[in-house]
Amino acid sequence: MSFDLEFFNIGYLDTLSYKDTFVHRIDPRIKIIVSFIFILFVVSFQKYEVSALMPFFLYPVFLLTAGNIPLKAIAKKIVFVSPFAVFIGIFNPLLDTGVILSPFGIPVSGGWLSFISIIMKFVLTVSTALLLIAVTSFPGICEALERLKLPKVFVIQLLFLYRYLFVLLEESLRMIRARDARSFGKRGKEMKTFIRLISVLLIRSVERAERIFCAMLSRGFRGEIKVLRRHTINAYDILFLIISVTMFYLFRSFHIVNIIGETVGRSFR
Amino acid sequence: MSHHIVELKDVRFRYPDGTEAIQGITFKILHGESVGIAGANGMGKTTLLLNLGAHLLPTSGEVSIGEVTLAKRTRQEIRRKVGFVFQRTDDQLFMPTVYEDVAFGPINLGLTEEKVAERVKSALEMVGCLHLSNRPPHRLSEGQKRAVAIATVMAMDPDILIMDEPASNLDPKSRRHLINLLKGFVHTKIIASHDLDLILDVCKRCIIIREGRVVADGPSEEILMDEKLLEENSLELPLSRQHNNKF
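From first to last, the protein sequence lines are chains U and E.
Our numbering puts the last residue of the first sequence at 277; the count rises by one with no breaks.
Our numbering puts the last residue of the second sequence at 375; the count rises by one with no breaks.
Worth flagging that the hints you see were computed from the coordinates, not collected in a lab.
Treat the hints loosely; a few may be bogus.
Subject to a maximum C-alpha distance of 27 angstroms in a straight line, what follows is the list of computed DSSO-like cross-link-like pairs (lysine-lysine) [as the list claims (entries may be wrong)]: (1) U/Lys80 with U/Lys157; (2) U/Lys80 with U/Lys27; (3) U/Lys234 with E/Lys209; (4) E/Lys243 with U/Lys234; (5) U/Lys157 with U/Lys234; (6) E/Lys209 with E/Lys249; (7) U/Lys200 with U/Lys27; (8) E/Lys332 with E/Lys311; (9) U/Lys160 with E/Lys243; (10) E/Lys156 with E/Lys356; (11) E/Lys332 with E/Lys301; (12) U/Lys234 with E/Lys249; (13) E/Lys137 with E/Lys209; (14) E/Lys311 with E/Lys209; (15) E/Lys249 with U/Lys27.
Make the full structure from the sequences, and use the hints.
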């Protein structure tokens, strides 16, 4: 029944995006731009960098807390996709064995540092992307993309994807339930039935597309879909943009963790 | 008010696979009339409605709505006059939010922004769904979806309302709400349904179709009381009438 659970899981992120908090209210354009700049800054660090990446966790944590998003929802999804990042970096400790630093006398090789750096960059970028979806309604993101001059064809594809994702999922859910209800043990769950299920789903989707097109025509569709503009950029949005980008810049150009460490060290001396 | 007449003259329709779904239907529906179309499954009700909504063109015969005869180049014009509520709400509501969905038609009619907003508001108010404006359709109940689907059509200010199984999948309360809503519309209404009580409630006239032909056409009160006729068409007396007979 994991399919059922997965289905409700997708709906969950969507539910979160309809909350009404300070971050939910920020203009989606600003959120997209800030998140994009954030990702650029994070990936711009060189491969052995670990401590300088730490301050960047402030941004996803800010979105998480201010947006009132449960940590578990995001953490689970990050873990789910983490194998990709882990496999990219897993051989680094074996290949790159040169010792770079040895805190408290423990030798740490360059491979381990770059591996940890990859994982950190992965967590930072993926959590930001997930949180962006969680604190912005999908139509909001589409509106922003359209106003940021993304070709309209793509935006409309995304809108339809969002609208029919749930309908199609529900349809497949019903089909899988119907199959499970009449299959026992391993019989009925072979690849062969699965292939048929998929082909039926495809045919149904094509038929549905025809009906949707009919519905569009009967309401005067002539090839143009207007994306509703609901948001306006206000002073708070600009402030959010300026503050966050300045912070990212400071984090990038000054080694905040070192500075803190040195000041604390000095005061103890 | 002769311009909202729906007239069919010996209309036939054959699907590309050779199925003759409509085999010579002739009737005339006057302005403001409400007509129920009943019949067993697969007897051509939906095909007939698709012809009326200019989604299919009759293979022969003539469909005219108002003074316009249905042909390839008059399709747009006819679709503008006819509001079509489809059987499946998920097909009808294709935009990401309720507001955008209701606004879709008026925008395509080329109305100004204020006019569109006005239309959307009054259409949603009419069906009692104004509070759902910003909700995505997949988060609505079936009853709400149906009401919004009707609003999307009403926002285009059609002359004629065509509905395919409007009460399917509705709970009794939503169904009652729908019936009251339909009763309040002054438009010409054509409703295909198996829900004979709904037809009896909303429509003065009833047409029964079998194998693509009209087998009965007359006042609902008479036709829906004719037990023999109904039985021949895989139908039953409306529940409200059964009750009266028994007690």
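Structure-based check of each hint:
1. U/Lys80 with U/Lys157: Distance ~34 angstroms between U/Lys80 and U/Lys157 Cα, so the pair is violated.
2. U/Lys80 with U/Lys27: Holds - the C-alpha atoms of U/Lys27 and U/Lys80 are around 17 angstroms apart, at most 27 angstroms.
3. U/Lys234 with E/Lys209: Holds, at roughly 22 angstroms.
4. E/Lys243 with U/Lys234: Distance of about 15 angstroms is within 27 angstroms: holds.
5. U/Lys157 with U/Lys234: holds, 14 angstroms
6. E/Lys209 with E/Lys249: holds, 21 angstroms
7. U/Lys200 with U/Lys27: This hinted pair is violated, its Cα atoms lying about 43 angstroms apart.
8. E/Lys332 with E/Lys311: Holds, because 11 angstroms separates the two Cα atoms, which is no more than 27 angstroms.
9. U/Lys160 with E/Lys243: holds, 24 angstroms
10. E/Lys156 with E/Lys356: holds, 25 angstroms
11. E/Lys332 with E/Lys301: holds, 22 angstroms
12. U/Lys234 with E/Lys249: Judged against 27 angstroms, a Cα distance of about 18 angstroms means the pair holds.
13. E/Lys137 with E/Lys209: holds, 19 angstroms
14. E/Lys311 with E/Lys209: holds, 20 angstroms
15. E/Lys249 with U/Lys27: Given pair E/Lys249, U/Lys27 holds - Cα atoms ~24 angstroms apart, limit 27 angstroms.
Violated hints, listed in ascending order, are 1 and 7; each of the other numbered hints is respected by the structure.
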